[in-house]
Amino acid sequence: MFQILKNFYHKLGSYPWFYKISGKVIPFVGVFSISLIVISSIWGLFFSPTDAVQGDVYRIIYFHVPAVSVSQVIYYSISVAAAVFLIWRMKMAGVYIKSLAPIGAAFTFIGLLSGAIWGQPTWGTWWVWDARLTSTLVLFLFYLAIIGMQSTFASRKSADTAVSIITLIGVVNLPIVKKSVDWWNTLHQPASISISGESSISSEMLIPLLLSILGVYLFVFFTGLLFMRAEISTREQNKEWFKKLSSNN
Amino acid sequence: MIYFTKILKKEFLIYSRKSSSFIGPVVFFLISISLYPIGISNDPDILKNLAPGLIWITVLLSTLISFQNIFSEDYEDGSIELLLASGQNLSLIVLIKIFVNWVFSCLPIIILSVFSVFLLYLPLEGLKPLIISLLIGTPTICLFGALAGALSLGKNSITGPALMLPLSLPVLILGTQAINYSLNDINFSSNILLLTAILIFLLPIILFASVGALKLHFN
Amino acid sequence: MKKHRLKRLYAVLFIVFCSALAFVLVYFAIRDNVNLFYSPSDLFENPPQGRNAIRAGGLVETGSLKRSTDSLEIEFIITDLKKSIAVNYTGILPDLFKENAGVVATGYFDKSKMSLDAYQILAKHDENYVPKEVKKALEK
Numbered sequence: 001m002f003q004i005l006k007n008f009y010h011k012l013g014s015y016p017w018f019y020k021i022s023g024k025v026i027p028f029v030g031v032f033s034i035s036l037i038v039i040s041s042i043w044g045l046f047f048s049p050t051d052a053v054q055g056d057v058y059r060i061i062y063f064h065v066p067a068v069s070v071s072q073v074i075y076y077s078i079s080v081a082a083a084v085f086l087i088w089r090m091k092m093a094g095v096y097i098k099s100l101a102p103i104g105a106a107f108t109f110i111g112l113l114s115g116a117i118w119g120q121p122t123w124g125t126w127w128v129w130d131a132r133l134t135s136t137l138v139l140f141l142f143y144l145a146i147i148g149m150q151s152t153f154a155s156r157k158s159a160d161t162a163v164s165i166i167t168l169i170g171v172v173n174l175p176i177v178k179k180s181v182d183w184w185n186t187l188h189q190p191a192s193i194s195i196s197g198e199s200s201i202s203s204e205m206l207i208p209l210l211l212s213i214l215g216v217y218l219f220v221f222f223t224g225l226l227f228m229r230a231e232i233s234t235r236e237q238n239k240e241w242f243k244k245l246s247s248n249n
Numbered sequence: 001m002i003y004f005t006k007i008l009k010k011e012f013l014i015y016s017r018k019s020s021s022f023i024g025p026v027v028f029f030l031i032s033i034s035l036y037p038i039g040i041s042n043d044p045d046i047l048k049n050l051a052p053g054l055i056w057i058t059v060l061l062s063t064l065i066s067f068q069n070i071f072s073e074d075y076e077d078g079s080i081e082l083l084l085a086s087g088q089n090l091s092l093i094v095l096i097k098i099f100v101n102w103v104f105s106c107l108p109i110i111i112l113s114v115f116s117v118f119l120l121y122l123p124l125e126g127l128k129p130l131i132i133s134l135l136i137g138t139p140t141i142c143l144f145g146a147l148a149g150a151l152s153l154g155k156n157s158i159t160g161p162a163l164m165l166p167l168s169l170p171v172l173i174l175g176t177q178a179i180n181y182s183l184n185d186i187n188f189s190s191n192i193l194l195l196t197a198i199l200i201f202l203l204p205i206i207l208f209a210s211v212g213a214l215k216l217h218f219n
Numbered sequence: 001m002k003k004h005r006l007k008r009l010y011a012v013l014f015i016v017f018c019s020a021l022a023f024v025l026v027y028f029a030i031r032d033n034v035n036l037f038y039s040p041s042d043l044f045e046n047p048p049q050g051r052n053a054i055r056a057g058g059l060v061e062t063g064s065l066k067r068s069t070d071s072l073e074i075e076f077i078i079t080d081l082k083k084s085i086a087v088n089y090t091g092i093l094p095d096l097f098k099e100n101a102g103v104v105a106t107g108y109f110d111k112s113k114m115s116l117d118a119y120q121i122l123a124k125h126d127e128n129y130v131p132k133e134v135k136k137a138l139e140k
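The listed protein sequences derive, respectively, from chains X, W and B. If you're matching positions, the first sequence starts at 1 in our numbering and goes up one per residue. If you're matching positions, the second sequence starts at 1 in our numbering and goes up one per residue. If you're matching positions, the third sequence starts at 1 in our numbering and goes up one per residue.
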């Protein structure tokens with residue numbers, strides 16, 4: 001078992017192997033994720049019941065929760081990649097961070113924007129400096145720092161090293177984002193979905209929400225593969241295997 | 001561990017033998033502190049308000065002198081090159097160097113700053129935050145100084161260390177604010193905590209960055 | 001793991017450990033400023049110093065809401081079920097503002113009267129989402 005995992009890990013580091021496999025997976029994931037997002041959006045916007053307190057405004061949850069949730073998961077994953085890059089010097093980890101950071105930034109932005117649109121009618125304000133909102137903004141700034149650092153170094157290797165260190169520092173912010181609503185008095189309400197206990201959202205509303213979360217996760221997987229392939233082809237455009245591949249097509 | 005104490009001992013010996021390295025900052029500090037009452041005013045009310053900032057800025061400037069020779073002598077006699085080639089843990093050696101440099105250039109000044117309290121008429125309740133903020137703030141400044149020293153290796157100029165002055169602004173602000181808070185009966189512990197946080201946060205990053213900067217000179 | 005990789009692993013752990021420790025210290029340093037609002041009990045125990053605007057939060061006490069007939073002026077009581085403070089405000093309220101619901105009021109606190117002169121009212125909603133029909137059925 002360990003040997004299989006180890007083999008898989010070594011294969012992950014190989015550009016040609018990744019390029020070949022990802023090309024096969026992409027169409028399926030793309031079609032599946034986009035149709036999931038369409039189905040869950042229609043279900044959430046038109047067929048799930050109206051909330052007793054907030055009315056129809058609450059339906060923005062079907063965009064807000066998947067976006068902020070995936071933005072945190074992406075950050076966790078790129079910080080694992082950062083540690084892998086710093087310890088094993090696996091080049092693929094650098095490609096992963098560079099490709100996933102813009103996606104994470106985009107989803108954090110969608111989360112902040114949809115939160116503001118939701119906050120205006122319910123709370124009475126677009127923005128408030130409470131712990132949840134501020135720490136999410138910090139997450140967004142870390143993403144921007146990661147994107148900005150990419151172009152400030154002469155060599156690819158030193159850029160990837162510096163970016164990995166920044167990423168690792170930012171990982172400390174994630175538990176704060178998650179726990180801020182429990183630790184401090186915030187305007188933002190605590191989490192509704194619970195993995196261990198009972199969720200405080202009724203099941204007719206929960207099912208489309210879970211579907212939309214799954215859809216967005218798969219969509220990130222899909223765009224992540226696309227971005228990584230693009231990044232690999234820029235880094236490896238002069239290599240033998242890549243030339244062979246592109247001349248075949 | 002034996003290796004660790006050996007290097008520590010060696011560094012202490014080198015510093016204690018070359019008296020100019022720690023007498024320079026001390027003399028600079030004492031002279032500037034005694035110039036303020038003459039140059040500005042010897043009115044206790046005026047000096048009292050300026051004292052926290054004056055002491056902190058003077059400490060900052062006097063430690064500046066010592067940063068040039070934190071790596072330069074080792075660079076000139078070739079011992080850094082030897083260490084790099086030997087494959088020893090360079091970050092540990094850099095850490096020891098920074099620590100010993102702090103002991104010889106900053107610690108005497110911190111002890112002497114007790115007297116500056118009387119020269120500048122700072123009320124006595126300001127002494128405790130002054131000493132604590134200096135004890136925690138100056139190591140951060142030494143870290144900046146070491147990075148600047150590693151980057152400007154081989155060039156004997158003050159521009160390298162002067163580069164770290166803008167970086168040390170947060171430390172300066174938090175340090176003087178802590179003293180001013182205690183004079184106004186406001187709890188200053190949050191400033192001390194923030195100073196500690198800055199030090200701990202920067203310690204590994206600057207340590208590895210200085211090692212990287214040292215290696216750059218030999219590639 | 002090879003020796004040089006192990007060394008780099010320690011370096012990575014060292015960086016993460018130090019930044020985590022630094023964040024904890026920052027958390028302790030700004031602990032009092034992180035809470036968005038004071039509860040009425042906080043205001044009774046440690047009344048805020050100075051004349052800065054503060055935020056107070058809690059539930060709007062049932063039956064305490066008084067509206068003026070000819071202006072937008074309103075008065076109500078914020079409670080955390082232990083202590084309560086009076087709030088007066090002039091302006092438009094958010095949609096979700098009602099009795100027995102969460103609210104955060106920003107304004108100037110009067111220590112002698114234990115009342116808040118608010119210039120902004122924010123509604124706080126909870127994490128429960130229940131369909132309208134189910135709620136109606138439950139209340140019957």
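Hints were generated in silico from the structure; no laboratory data involved. Some clues are possibly wrong.
[Said to hold, decoys possible] Capping the alpha-carbon separation at 27 Å, the derived lysine-lysine pairs in DSS-like fashion look like this:
#, chain 1, residue 1, chain 2, residue 2
1, X, Lys157, W, Lys215
2, W, Lys215, B, Lys136
3, X, Lys6, B, Lys82
4, B, Lys82, X, Lys157
5, B, Lys135, X, Lys157
6, W, Lys215, X, Lys91
7, W, Lys215, B, Lys3
8, B, Lys83, X, Lys91
9, B, Lys7, W, Lys6
10, B, Lys135, W, Lys215
11, X, Lys11, B, Lys3
12, X, Lys244, X, Lys11
13, B, Lys2, X, Lys157
Okay, the hints, checked on the actual structure:
Proximity of lysine 157 (chain X) to lysine 215 (chain W) is assessed by CA-CA distance (about 15 Å); at most 27 Å being required, the pair is judged to hold. Of the supplied pair hints, the one linking lysine 215 (chain W) and lysine 136 (chain B) is violated, its CA atoms being roughly 72 Å apart against a limit of 27 Å. For a cut-off of 27 Å, the pair hint linking lysine 6 (chain X) to lysine 82 (chain B) is broken: about 59 Å separates their Cα positions. A C-alpha spacing of about 60 Å is found between lysine 82 (chain B) and lysine 157 (chain X), which places the hinted pair above 27 Å, so the restraint is violated.
Pair hint lysine 135 (chain B) plus lysine 157 (chain X) does not hold up; C-alpha atoms about 59 Å apart against a cutoff of 27 Å. A threshold of 27 Å between alpha carbons decides the hint, and for lysine 215 (chain W) with lysine 91 (chain X) the separation of about 22 Å falls inside it, so the pair holds. In summary, the hint linking lysine 215 (chain W) to lysine 3 (chain B) is supported, as the alpha carbons are separated by about 20 Å, within the 27 Å threshold. Our distance criterion of 27 Å between C-alpha atoms is broken by lysine 83 (chain B) and lysine 91 (chain X), whose separation comes to about 60 Å.
For the hint linking lysine 7 (chain B) to lysine 6 (chain W), the alpha-carbon distance of about 22 Å falls within 27 Å, and the restraint holds. Distance restraint check for lysine 135 (chain B) and lysine 215 (chain W): the Cα-Cα separation of roughly 69 Å exceeds the 27 Å cut-off, and the hinted pair is therefore not satisfied. Simply put, lysine 11 (chain X) and lysine 3 (chain B) have alpha-carbon atoms about 22 Å apart, close enough for the 27 Å limit, and the pair holds. Annotation: proposed proximity of lysine 244 (chain X) to lysine 11 (chain X) holds, straight-line Cα distance about 20 Å (limit 27 Å).
Simply put, lysine 2 (chain B) and lysine 157 (chain X) have alpha-carbon atoms about 21 Å apart, close enough for the 27 Å limit, and the pair holds.
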